[in-house]
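Asker: Listed below, chain by chain, are the residues.
Protein chains: 2
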Amino acid sequence: MRPLTPTETSTLGILTAACLAVLVNTWRSDGEPLFASLAISGIAFAFTYATILWSGEVFMRKGFKGRDLSKKNGGEIPETMGLVCALVYLLVLVSFLPFAFKSHIVASTLDAGYDKDRILEGGGMETGRFLHRFPLEKLASYGFAYATLASTTILGILDDAFDMRWRHKFFIPAFAALPMLALYFVDFGVTHVSVPVPLRQYLGVGELIDLGGFYYVYMGAISIFCPNCINIMAGINGIEVGQSIVIACLILLNDALYLFPAAHRPPHPAEESHLFSVYLLLPFLGVSVALALHNWFPAKVFVGDTYCYFAGMVFAVVGILGHFSKTLLLLFIPQIFNFLYSAPQLFKLVPCPRHRLPRFNARTGLLEPSVATFEEAQPLRPLVGEGLKLLDTVHIVRVKTDERGRVTETSNLTILNLWLVWRGPLREDRLAVEILLLQTGVGLLGLWARHSLALLLFTADNRF
Amino acid sequence: MRPLTPTETSTLGILTAACLAVLVNTWRSDGEPLFASLAISGIAFAFTYATILWSGEVFMRKGFKGRDLSKKNGGEIPETMGLVCALVYLLVLVSFLPFAFKSHIVASTLDAGYDKDRILEGGGMETGRFLHRFPLEKLASYGFAYATLASTTILGILDDAFDMRWRHKFFIPAFAALPMLALYFVDFGVTHVSVPVPLRQYLGVGELIDLGGFYYVYMGAISIFCPNCINIMAGINGIEVGQSIVIACLILLNDALYLFPAAHRPPHPAEESHLFSVYLLLPFLGVSVALALHNWFPAKVFVGDTYCYFAGMVFAVVGILGHFSKTLLLLFIPQIFNFLYSAPQLFKLVPCPRHRLPRFNARTGLLEPSVATFEEAQPLRPLVGEGLKLLDTVHIVRVKTDERGRVTETSNLTILNLWLVWRGPLREDRLAVEILLLQTGVGLLGLWARHSLALLLFTADNRF
Chain Z
1 MRPLTPTETS TLGILTAACL AVLVNTWRSD GEPLFASLAI SGIAFAFTYA
51 TILWSGEVFM RKGFKGRDLS KKNGGEIPET MGLVCALVYL LVLVSFLPFA
101 FKSHIVASTL DAGYDKDRIL EGGGMETGRF LHRFPLEKLA SYGFAYATLA
151 STTILGILDD AFDMRWRHKF FIPAFAALPM LALYFVDFGV THVSVPVPLR
201 QYLGVGELID LGGFYYVYMG AISIFCPNCI NIMAGINGIE VGQSIVIACL
251 ILLNDALYLF PAAHRPPHPA EESHLFSVYL LLPFLGVSVA LALHNWFPAK
301 VFVGDTYCYF AGMVFAVVGI LGHFSKTLLL LFIPQIFNFL YSAPQLFKLV
351 PCPRHRLPRF NARTGLLEPS VATFEEAQPL RPLVGEGLKL LDTVHIVRVK
401 TDERGRVTET SNLTILNLWL VWRGPLREDR LAVEILLLQT GVGLLGLWAR
451 HSLALLLFTA DNRF
Chain L
1 MRPLTPTETS TLGILTAACL AVLVNTWRSD GEPLFASLAI SGIAFAFTYA
51 TILWSGEVFM RKGFKGRDLS KKNGGEIPET MGLVCALVYL LVLVSFLPFA
101 FKSHIVASTL DAGYDKDRIL EGGGMETGRF LHRFPLEKLA SYGFAYATLA
151 STTILGILDD AFDMRWRHKF FIPAFAALPM LALYFVDFGV THVSVPVPLR
201 QYLGVGELID LGGFYYVYMG AISIFCPNCI NIMAGINGIE VGQSIVIACL
251 ILLNDALYLF PAAHRPPHPA EESHLFSVYL LLPFLGVSVA LALHNWFPAK
301 VFVGDTYCYF AGMVFAVVGI LGHFSKTLLL LFIPQIFNFL YSAPQLFKLV
351 PCPRHRLPRF NARTGLLEPS VATFEEAQPL RPLVGEGLKL LDTVHIVRVK
401 TDERGRVTET SNLTILNLWL VWRGPLREDR LAVEILLLQT GVGLLGLWAR
451 HSLALLLFTA DNRF
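These protein sequence lines are chains Z and L, in that order.
Just so we're aligned, residue 1 is where the first sequence starts under my numbering, counting upward by one.
Just so we're aligned, residue 1 is where the second sequence starts under my numbering, counting upward by one.
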């Protein structure tokens, strides 16, 4: 890894100084926490950008390194650098708390008047400020969000350090999500969902249906799905962190629809939830963009499983604690497609090679679909082979058959390979850009559908 | 590592089954959370005990291993096994939350009556249960305690994986403690301390003095001190986890003084804080005793820095969020002594060898004080040498001098070596037992002083 260039040093220095000035000013003038969040995200960006450069050597010395298989003469570069993002993120999330609650601290302090006698007489000494005015439910959300993300980081590190098996690590995020689910259980406890109008008469239910325990299974599934689906849509420079940035921006856009005063007056009842989401996502964008600059083609660092889990869990946390998990899923459509498309290989219906990332053609410098080949000794089950051939005819996969019509080879079942099947060989960064544009387009379409078509299915928009 | 013996399997199985039965029963009958906490701690013990045996191999394969220097032919054994304790602890802490808040969940649900229309009309859908009855400040404490301990675990893993330098890792716990300090800042905000009566007229202050920002520095110092002082009172089998168990038991004794109804009626105002402490410490005892059984002489596993940080931070969390950090320090007197006694070597006044653990005499099988020797090329500063000779005359250290009276060698400045200077060579387990008895005795004395002598200095007992 190289040291910071003078240009980088001065740019990051000026950015940090400007952000610190905004922070101090926001604190003094009791300004909007949003400005503090933006400033803290700027600092998080600068700090992450520099720390990745500084710590790359240490990571490599300790064995956190890998070889880029899609480069002509790729040396080893640091792996697991998403850990830096996670640590900086946790640090700035805590630093933001005093800003988020400044107005309440001042209000409740004035309320109590810091009247020592009164505090002493009332037995209030033990609790300090009088608590009934303080938005403790918000504070608890931050605490448990932090707890969940810190747990995710622990399990990510363990995965990166111990190379866990796929079937073990698939369930890891469920453990990490426990603090969030516990908070939901003891605090919110809402397990009702709105039933789409057309379904009500068939199901014989009213506007709301109480899913009870199943709602926790659903939330657990969300927190397993988000981290894992980012982890499996991987394999080319910049794609893990790129898709995370796109999804974060789309959620922020959705938040803005609720928060932008012109769109909804009077203030939308879900405003607090969406502010929570904004405050969690802005610093996430800060650390992710810094990582993306190092991880973009040609990558100088790898992000590691830690980043994928961490990013996915940030989305799960804002979706679940912000009560918009179904909207969230609309932004994960490419990931959902990729997961379903991968399923035959993940569940071993179709043999799954160790790596499924697109094949690098050293002669052209372009990526081509990688393939899984089937040995004579371990042929495909005939039914599966017929299925693959059927998919081939509608161009959802590319197979090769031998003279007897048996499938001997198929393109690996990932969205990246499928895109290459459709578009032909592409350079690595071109492929990443196109997939990210696809993600953006599908996400925007999803949000449009969510906000304009939802009224056809539900009696009111934005219930969740 | 060996598999579980049939006796172990059946004992752990019966224990787990019994604890599960207690848990189910407590849940059904809305029993005291204390029983749930005891049952969960039992499960934590069984789970930790078994997982350490199961995962030892994996840890060793990944390079987390070390050689026991105080054994005749010590092979390599797994290192960092305290990580298992930390992970199990975090898991059971979350699992305990529904039990801790069961009565409140029921109460607030009944209160709201789960009246769907009322919830909908009142806009309460977003928040579910009505919040004003729910003890959210307690819930936030658990969330931030978890957040702090998870952060400590992350930094402990990084320390164990990256072998950080002493001067860097000294400050690690301060970062991990940030969530707790942030909670304290935005939620409690009590920065007043009682002034001892005799000091009031000299300082010209009243009963309370507001330390403001200095109180946060003080709390930060506590959270740096507790983890580090357990980490430096180390080096023989069972001492890290043994001292943690003793301290935890002493804190529980102190909690019992507040909670036991016979001692204080009506219920003490600090009861909630001490229940919080009990609920955090019982599962800690569970995982620690399990680790101790594997780490006791002759050790089958090492605990690692992760455990020391984790244990120290558990104490810091209960002391700070439970508002009895000064009492806590009374239980750390041997650690405080060890830290002050070590200071000349920690701050390089006296040369500090890589390891300061007692020296194993392979001939006798006993431990003797280890020594730091001073080369002719790098002699001691004369003043430091004179100081050491002075300490030697009062038997606080053992030095050797050359014919010109210059100090050539000193026993290493740790409480373990000092004890060996006083008591002569001891077997490793004997030394551990004696130091733990010392810890127990001094702690009991401290608690007695705290509760019987405090009235001489303060106008009321148990203010904090």
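Where hints are given, some of them may not hold.
If several chains are the same, the list does not tell them apart, and a pair holds so long as it fits within one copy or across any two.
[What the hints assert, rightly or not] Quick list of in silico lysine to any residue cross-link-like pairs, SDA-like style, CA-CA up to 20 Å:
no.	residue 1	residue 2
1	Lys62	Gly220
2	Lys138	Leu349
3	Lys169	Trp54
4	Lys62	His168
5	Lys138	Arg67
6	Lys71	Ser29
7	Lys300	Cys352
8	Lys71	Glu386
9	Lys169	Gly441
10	Lys62	Ala161
11	Lys348	Leu158
12	Lys169	Pro196
13	Lys169	Leu91
14	Lys138	Leu293
15	Lys326	Phe337
In case anyone wonders, no lab produced these hints; they're calculated from the structure.
Everything numeric in this text was worked out from a predicted model, so none of it was measured.
Asker: Hint compliance check: list the failing hint numbers for this structure, sorted ascending.
Answerer: 1, 2, 5, 6, 7, 8, 9, 11, 12, 14
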